[in-house]
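Protein chains: 2
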Amino acid sequence: MKLAVLGTGMVGNTIGTKLAQAGHDVMMGSRTSDNPKAVAWAESAGGGASHGTFADAAAFGEIIFNCTSGLATLQVLELAGAGNLAGKILIDISNPLDFSNGFPPTLSVCNDDSLGEQIQRAFPDLNVVKTLNTLTCAIMVNPGLVAGDHTIFMSGNDAGAKTRVRDLLHEAFGWKPENIIDLGDITTARGTEMLLPIWLRLMGTLGTPNFNFNIVVGAAPQGA
Amino acid sequence: MKLAVLGTGMVGNTIGTKLAQAGHDVMMGSRTSDNPKAVAWAESAGGGASHGTFADAAAFGEIIFNCTSGLATLQVLELAGAGNLAGKILIDISNPLDFSNGFPPTLSVCNDDSLGEQIQRAFPDLNVVKTLNTLTCAIMVNPGLVAGDHTIFMSGNDAGAKTRVRDLLHEAFGWKPENIIDLGDITTARGTEMLLPIWLRLMGTLGTPNFNFNIVVGAAPQGA
Chain A
1 MKLAVLGTGM
11 VGNTIGTKLA
21 QAGHDVMMGS
31 RTSDNPKAVA
41 WAESAGGGAS
51 HGTFADAAAF
61 GEIIFNCTSG
71 LATLQVLELA
81 GAGNLAGKIL
91 IDISNPLDFS
101 NGFPPTLSVC
111 NDDSLGEQIQ
121 RAFPDLNVVK
131 TLNTLTCAIM
141 VNPGLVAGDH
151 TIFMSGNDAG
161 AKTRVRDLLH
171 EAFGWKPENI
181 IDLGDITTAR
191 GTEMLLPIWL
201 RLMGTLGTPN
211 FNFNIVVGAA
221 PQGA
Chain B
1 MKLAVLGTGM
11 VGNTIGTKLA
21 QAGHDVMMGS
31 RTSDNPKAVA
41 WAESAGGGAS
51 HGTFADAAAF
61 GEIIFNCTSG
71 LATLQVLELA
81 GAGNLAGKIL
91 IDISNPLDFS
101 NGFPPTLSVC
111 NDDSLGEQIQ
121 RAFPDLNVVK
131 TLNTLTCAIM
141 VNPGLVAGDH
151 TIFMSGNDAG
161 AKTRVRDLLH
171 EAFGWKPENI
181 IDLGDITTAR
191 GTEMLLPIWL
201 RLMGTLGTPN
211 FNFNIVVGAA
221 PQGA
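Same order as they appear, the protein sequences are chains A and B. Quick note on numbering: my numbering labels position 139 of the first sequence as 139, and the sequence is numbered without any gaps. Quick note on numbering: my numbering labels position 93 of the second sequence as 93, and the sequence is numbered without any gaps.
For the record, the hints were derived by calculation from the structure and aren't laboratory data. Do not take every clue at face value.
Lysine to aspartate or glutamate pairs mimicking DMTMM-like chemistry, simulated, CA-CA at most 25 angstroms apart [claimed, not checked]: (1) K176(A) with D25(A); (2) K88(A) with D149(A); (3) K176(B) with D149(A); (4) K176(A) with D125(B).
Simulated DEER-style distance windows between Cβ atoms [to be verified]: (5) D112(A) with A72(B): 16 to 24 angstroms; (6) D125(B) with T32(A): 37 to 45 angstroms; (7) A55(A) with G148(B): 45 to 53 angstroms; (8) E62(B) with D112(A): 50 to 58 angstroms; (9) M10(B) with K176(A): 30 to 38 angstroms; (10) T163(A) with G148(B): 24 to 32 angstroms.
Remember, it's a predicted structure, so these values are computed and weren't measured experimentally. Don't be surprised by glycine CBs; every beta carbon is placed ideally from N, CA and C.
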C-alpha cells in the first residue's frame, strides 16, 4: 500500500521504518523536499522508501500517519493541503503537549475539545482516526516488547476507516485486533489525549517509557 | 482504627461497609446529624459504625475518606472544619466531574491544576492523599473482582501519609502493595483525575464499570 508519514522525528522514523519493512511504499513528508533527516531515513529504510514535502506525501499516501508535534499539526496539515487530504485516512498519533512552561507540560486543548476534533473540523473530508497516541513509539510498532495483552485505543467518526486502520495496525505492527479498543467517535480523543499527563508521570516513576496500559475487565460484582 | 467517611452515596456506603467489616470504627458524615441514609448505613454496617455531621466525622477519624461529589468537596471540607482536619490524612477519592452540560461531563478543574491540589492548598495542615479515584467502588474495596494484577495510583506530598494509606488499602481492601503506584506529590493528581474522561468512555464501550487499568512494563527496546 502507498503510505505517508508526516514528520521526521523519532516517531516518524520508527513508524516509517516498520511500514517499509512490512513491504509498504512509504513517503516521509517534511517542510522541505530535501530535509536531511528525511533523505537519510529514505536511504536507510530501503526499497519502497521516499521523501518529499508534506504536500507530496499527502498526495502519495492512501493512509497518512501524522507523526508531527501536536502544536504543529494543524499548520502541517495546511501545508499538506486539503485537496491532497480529501478522502484519505489520517492516523493521528499526535498529542497537544505544550512544554513552553517546562515540565510537566500542559495540553493546549483538552476537556471539552481535543486536537483530534480540531483536525476533523478543519479537514471535514479527511477521515481522522486517533490511535497509538498513548504509548512510546518503540511499542507502537512492536507490541511484543511488553509481555502479554495490553491496549491501544481508537477514536474516529468513520467505521470503515477504523476497520482499515485496525487491519493495518494488525498486519504491519502486530497488534492483536482484540487489544485495539474502539472508544467511539472522534470526541473520544479527549480521553486518550488526556491520558498524557499520567503517562508522563508514570514514565518518571517507572524510569522508562517502555510500559503500556492494559484494560482488564472483571466479573460482575457480588453485592457491593 | 477510628476512620471517617464523608458522603452517603454509593462510594461512601461501599467504603464504609468494607472498613467496618475489617473491624474499624467508622463514622459516616453528612450535612445533618440525622441523615436517613447515614442512619440506615450505620444500622446495617454493625458494631463500630456510627453517623454524624461532617464536622463530627472529621473530628472522629484519624484517617478520613472523601467520598463526596467532586463539585461539593471543598464546601464539605469547610463544613468539616479546618481545625478538625488539621494533622489528619484525607484519602481523596473524588473527581471534579461536571455533568451540568450532560454526557460526557467535563472536569471543573484540570490540566494546570486539580481538585487534589485545590484541597491541599485550602487545608495546608491536612495531608491529602489522592487515590482510588480511577475505578468503580466495587473494585476499590475488592480488587479480586478483576483477575490478576491491576493498578491504583497515589498522589500526595507527605511520604508518611502515603505509607499509612498504602498499609490501610492493603489491610482493609486487599490491594497488593506492588499494585499501588506512587506517582509523586499532589500535583500528580492532575494525571489521575484526567483519566476520568477515558474511564467514562471505556465504561460505555465495555458495557460495564467493572474494569481497571493495569500498567504493564516492558523490556528495553532492541534498537527502534
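Could you work out which earlier hints the structure fails to respect and list their numbers in ascending sequence?
2, 4, 6 and 8
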